[in-house]
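Which chain is which? The protein sequence lines are U and V, in order.
Mapping of the first sequence onto numbering that gives the first Met the number 0: position 9 corresponds to residue 8, and the numbering continues sequentially without gaps.
Mapping of the second sequence onto numbering that gives the first Met the number 0: position 265 corresponds to residue 264, and the numbering continues sequentially without gaps.
These are calculated hints, taken from the structure and not from any lab test.
There's no promise every hint is true.
A pair counts as met if it fits within one copy or between any two copies, since identical chains are not told apart.
Straight-line C-alpha distance at most 27 Å; calculated BS3-like pairs for lysine-lysine [claimed, not checked]: (1) K225 x K335; (2) K335 x K283; (3) K335 x K147; (4) K335 x K48; (5) K283 x K375; (6) K225 x K147; (7) K539 x K557.
Keep in mind the model is a prediction, meaning the values are calculated, not measured.
There are 2 protein chains.
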Amino acid sequence: MPEFNAPLRDMRFVLHEVFDAQALWARLPALAETVDAATADAILEEAAKVTGQLIAPLNRSGDEQGAQWHDGQVSTPEGFQQAYATYIEGGWVGLSGNPEFGGMGMPKMLAVQFEEMLYAANSSFALYSALSSGACLALDAHASDTLKRLYLPPMYEGRWAGSMCLTEAHAGTDLGIVRSRAEPQADGSYRISGSKIFITGGDQDLTENIIHLVLAKLPDAPPGPKGLSLFVVPKVLVNPDGSLGAANAVSCGSIEHKMGIKASATCVINFDGASAWLVGEANKGLAAMFTMMNYERLSVGIQGIGCAAASYQNAVAYARDRLQGRAANGASAPDKVADPIIVHPDVRRMLLSIKAMTEGGRAFASYVGQQLDLAKFSPDAAEQDRAQALVALLTPVAKAFFTDTGLESCIHGQQVFGGHGYIREWGQEQLVRDVRIAQIYEGTNGIQALDLLGRKVLADGGVTLRLFTGEIHQFAQQPDAPYRAQLIEAAHRLEDLSDWLEDQAANDRNEIGAASVEYLHLFGYVAYAWLWARMAQVAKHKLQDDPEFYGAKLATAKFYMQRLLPRVLGLEQAIRAGSQPLFELSAEQF
Amino acid sequence: MPEFNAPLRDMRFVLHEVFDAQALWARLPALAETVDAATADAILEEAAKVTGQLIAPLNRSGDEQGAQWHDGQVSTPEGFQQAYATYIEGGWVGLSGNPEFGGMGMPKMLAVQFEEMLYAANSSFALYSALSSGACLALDAHASDTLKRLYLPPMYEGRWAGSMCLTEAHAGTDLGIVRSRAEPQADGSYRISGSKIFITGGDQDLTENIIHLVLAKLPDAPPGPKGLSLFVVPKVLVNPDGSLGAANAVSCGSIEHKMGIKASATCVINFDGASAWLVGEANKGLAAMFTMMNYERLSVGIQGIGCAAASYQNAVAYARDRLQGRAANGASAPDKVADPIIVHPDVRRMLLSIKAMTEGGRAFASYVGQQLDLAKFSPDAAEQDRAQALVALLTPVAKAFFTDTGLESCIHGQQVFGGHGYIREWGQEQLVRDVRIAQIYEGTNGIQALDLLGRKVLADGGVTLRLFTGEIHQFAQQPDAPYRAQLIEAAHRLEDLSDWLEDQAANDRNEIGAASVEYLHLFGYVAYAWLWARMAQVAKHKLQDDPEFYGAKLATAKFYMQRLLPRVLGLEQAIRAGSQPLFELSAEQF
Chain U
0 MPEFNAPLRD MRFVLHEVFD AQALWARLPA LAETVDAATA DAILEEAAKV TGQLIAPLNR
60 SGDEQGAQWH DGQVSTPEGF QQAYATYIEG GWVGLSGNPE FGGMGMPKML AVQFEEMLYA
120 ANSSFALYSA LSSGACLALD AHASDTLKRL YLPPMYEGRW AGSMCLTEAH AGTDLGIVRS
180 RAEPQADGSY RISGSKIFIT GGDQDLTENI IHLVLAKLPD APPGPKGLSL FVVPKVLVNP
240 DGSLGAANAV SCGSIEHKMG IKASATCVIN FDGASAWLVG EANKGLAAMF TMMNYERLSV
300 GIQGIGCAAA SYQNAVAYAR DRLQGRAANG ASAPDKVADP IIVHPDVRRM LLSIKAMTEG
360 GRAFASYVGQ QLDLAKFSPD AAEQDRAQAL VALLTPVAKA FFTDTGLESC IHGQQVFGGH
420 GYIREWGQEQ LVRDVRIAQI YEGTNGIQAL DLLGRKVLAD GGVTLRLFTG EIHQFAQQPD
480 APYRAQLIEA AHRLEDLSDW LEDQAANDRN EIGAASVEYL HLFGYVAYAW LWARMAQVAK
540 HKLQDDPEFY GAKLATAKFY MQRLLPRVLG LEQAIRAGSQ PLFELSAEQF
Chain V
0 MPEFNAPLRD MRFVLHEVFD AQALWARLPA LAETVDAATA DAILEEAAKV TGQLIAPLNR
60 SGDEQGAQWH DGQVSTPEGF QQAYATYIEG GWVGLSGNPE FGGMGMPKML AVQFEEMLYA
120 ANSSFALYSA LSSGACLALD AHASDTLKRL YLPPMYEGRW AGSMCLTEAH AGTDLGIVRS
180 RAEPQADGSY RISGSKIFIT GGDQDLTENI IHLVLAKLPD APPGPKGLSL FVVPKVLVNP
240 DGSLGAANAV SCGSIEHKMG IKASATCVIN FDGASAWLVG EANKGLAAMF TMMNYERLSV
300 GIQGIGCAAA SYQNAVAYAR DRLQGRAANG ASAPDKVADP IIVHPDVRRM LLSIKAMTEG
360 GRAFASYVGQ QLDLAKFSPD AAEQDRAQAL VALLTPVAKA FFTDTGLESC IHGQQVFGGH
420 GYIREWGQEQ LVRDVRIAQI YEGTNGIQAL DLLGRKVLAD GGVTLRLFTG EIHQFAQQPD
480 APYRAQLIEA AHRLEDLSDW LEDQAANDRN EIGAASVEYL HLFGYVAYAW LWARMAQVAK
540 HKLQDDPEFY GAKLATAKFY MQRLLPRVLG LEQAIRAGSQ PLFELSAEQF
């Protein structure tokens, strides 16, 4: 059975050497007293133990058993209850939560490393707490103090979990047509009726309570997405002192049978006049829910990196061990019946592709984490705004690019195993099945791409985009910056294409959707080029300290620039073909 | 539950309108008396019924139940026995088999259409007969008359099945290190001992007998692949009159638990001094087995097309039906709560990508089928040789490109469904799981790429490649050829790159493996460009006859040329980076 060992050395490299997290933390008052490099390293080491020893061993058995539903109750696979109980003792659910209500107040830059480990170890298990952390974030940002005091402490503790109830059978991407209704009650509460589907962790047997965040419409709500309000709906009613009361009118109607993440219960949740409390303002629920959604988008993006990292570890171990064929230029293990397959260039190509995309993604996630920390903790309002704009721009890229390339990486990692990659016991096929959902949920990657190009890049005429490409240009002006020419070319390519798309979209709004997915990918490749150049810059200066480690960074950067970045050429040409080739067929002609 | 309806109109388009099969058949004596356009159409219609009504309905239940193994016996899922019995009554296993021994002698160009339907309907079911057909081909080509008379008739009938026993636990790609042994007996037979793994249909409950084709080594065999001999090893011994005798010493040790094709039994087969008969010459077993392997390579390539075609049908139906969001330029269904998602450009992009790759692949498979028919039936030896060379060149492209792009297509088809694509009942996720194996078995796609570039393109200094690109140039010289400039550029790109790789490989054999997968993809995109231009040429002339149908071909050709063909840009640049970026890391540095 495959093991998982968190790539701690690589994580520390990104955190400390590439982004100098310690220096940032030291200048942000709220973090200066909470965390330093040593604390961060200690947390990561503990996280590595928890994920590697407690949670990863349940990954395959969890997939085999799956979550089960009987008589309205979900049971998680064997071992999940015990592991969850141990897990929450570490306070991991509230790792970056608000200390005022029991959170640990750690920076997001650190939390993203932990999330990667968690998804790498066991994506299904990870989801039970990922939804809780996101729900806490939304409550902390939008709920009244009363609600926060009541709900946040047990949720940060992990004793209660959170869920996100958006989708209905007829309303997925299109939340404006949601039908769930909220009736105001005399006491200021509401009663919600409706049925939600695809609710991750909508029911389970891990926590005493589940706090559903539910989008529903008030009686007088305007039509469309502007008529949505956000409610907190506990599975078990909560007394004013925080103790548990009677069951609420919330039930789990069934769970889905899925391709993967089988140990995660994906529920139909029925609300039959369930008691509910408004979060934030009436009819502004979608914006409030987006606090959680953006959290989850980055999170499931990181699922893409985590699954790829796990697949990579397994594939490297197999490629070093499996003997098959001979190296093209002479045997590398002449005393054995064959050479290890890691001598073959195509096996190396697959491994390096995973390595380059996974480490590039890790750096990107850390950069987004850094901006999230600045947006939250910076004492400088202008810096906060700038960081917030970058987060808004980069979140859809993170979600979609990490997961599209995460699938590709898991496919590579499976392919390295040959026939054994297709067999369940080796674990590689599960990673493919598990990572696949990350391209779909929390807004399909197509929706992320529309969000990026339509709402983030074009909506402000490229101002935020220039914030980002400005960072690339600034880096490329450093005399010791590696790959300067490529970076400048890449940034200009992205800028020029964005300008061109702005002109196109002015005439035809379909140009946005026609270009968006390829545009997002091109954006991702350009961003990774910058991050790889940054990593190479650090590695170049430290090469003598540890030639093995830093040499690998330099070699992987080169591989990325020479063998993966060229994909932008085809992407750009496809985008410039415009929307017209997409609209020549009537619906019937397909 | 999804249905499958064979794309008969599209198949007839390729067969009759693009390739004018009737004219070819009329000039090949062996086919002139066997088949004409009307017969072919009748066969395709019958095939559509069998696959759509008999076999497709067992696809999902077969996946749910899977093949089972108890006490050394495999049982196939419910309904398979009955369906198989009905299926073989149609003579489908021997569709293109030798009429001298009971085959129907139909052209391969027709058979590839049938195979596509079969895989589209139910890949697991398809495999039970695909292996039989391939085994028959090898026996027909290499076995003695005695063996042929004994085995071929019941195999063509489908009463007995075939299997292909190559892989051992330590020997997959590297067959030279196979350990199975064959001991000669006084009566001219052999006794085989050894254990084979990954044997598709190695055991089942559908047929009276299973005829294993087994690679093993004779006592005096030279080491490596040149020491392999091919044997026929029946599960049940066959008396000289063709009746069944005692059980042979062949047993099924277990079956694999797999990502997909779960209804297909993937067996460990143990030979414990099993009676065996030599096929062809001693120590020339690999060449003989390649007759079967090349058959299966094209066949599993077609699995890629079939699964994509099935996914496409489901996705189009869903996209026309599912209401979500509004068209960017104004509502298309203002009376409904939302527009069907087929109005959205990105949904169209996904559907058109599948359509372009599936129909391109179908045309390519038909072209290879045409060349196979010429190689087999042409009365002109030069034409036979030319066709055989093209088949050898194009088989690895068909196998790997159909399946790599087949996975991409099935992923797109799943993505169109959003969250429902991840749920088992909709069938799209099964297609992803089922098609994934086709990139792995019958030689991984990495191996196909090495075969293409190393053995097919470079080994004869590009002579065979020029046969193929010559066809493109010849087509592009026609004054009414669409996309002439693009085609000439594409063919030159492929030729120049091949020449460059020949120079590179002369200095470093690793350059072949470093380039091979991207090279195969580039080859595939260039080939599809030619085939789409051919299809567009036909459609252009017939547009007035059926504007809906031919208009769709023209639009899809344009989409292909403008939005998919540009991928060659990135592929070429990655290839030209050479092998060096792959070899900077030691095995330990990964």
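Status of the hints after comparison with the structure:
| no. | hint | in the structure |
| --- | --- | --- |
| 1 | K225 x K335 | between (68 Å within a copy, 19 Å between copies) |
| 2 | K335 x K283 | between (68 Å within a copy, 25 Å between copies) |
| 3 | K335 x K147 | neither (64 Å within a copy, 40 Å between copies) |
| 4 | K335 x K48 | neither (36 Å within a copy, 54 Å between copies) |
| 5 | K283 x K375 | within (22 Å within a copy, 71 Å between copies) |
| 6 | K225 x K147 | within (25 Å within a copy, 75 Å between copies) |
| 7 | K539 x K557 | within (12 Å within a copy, 47 Å between copies) |
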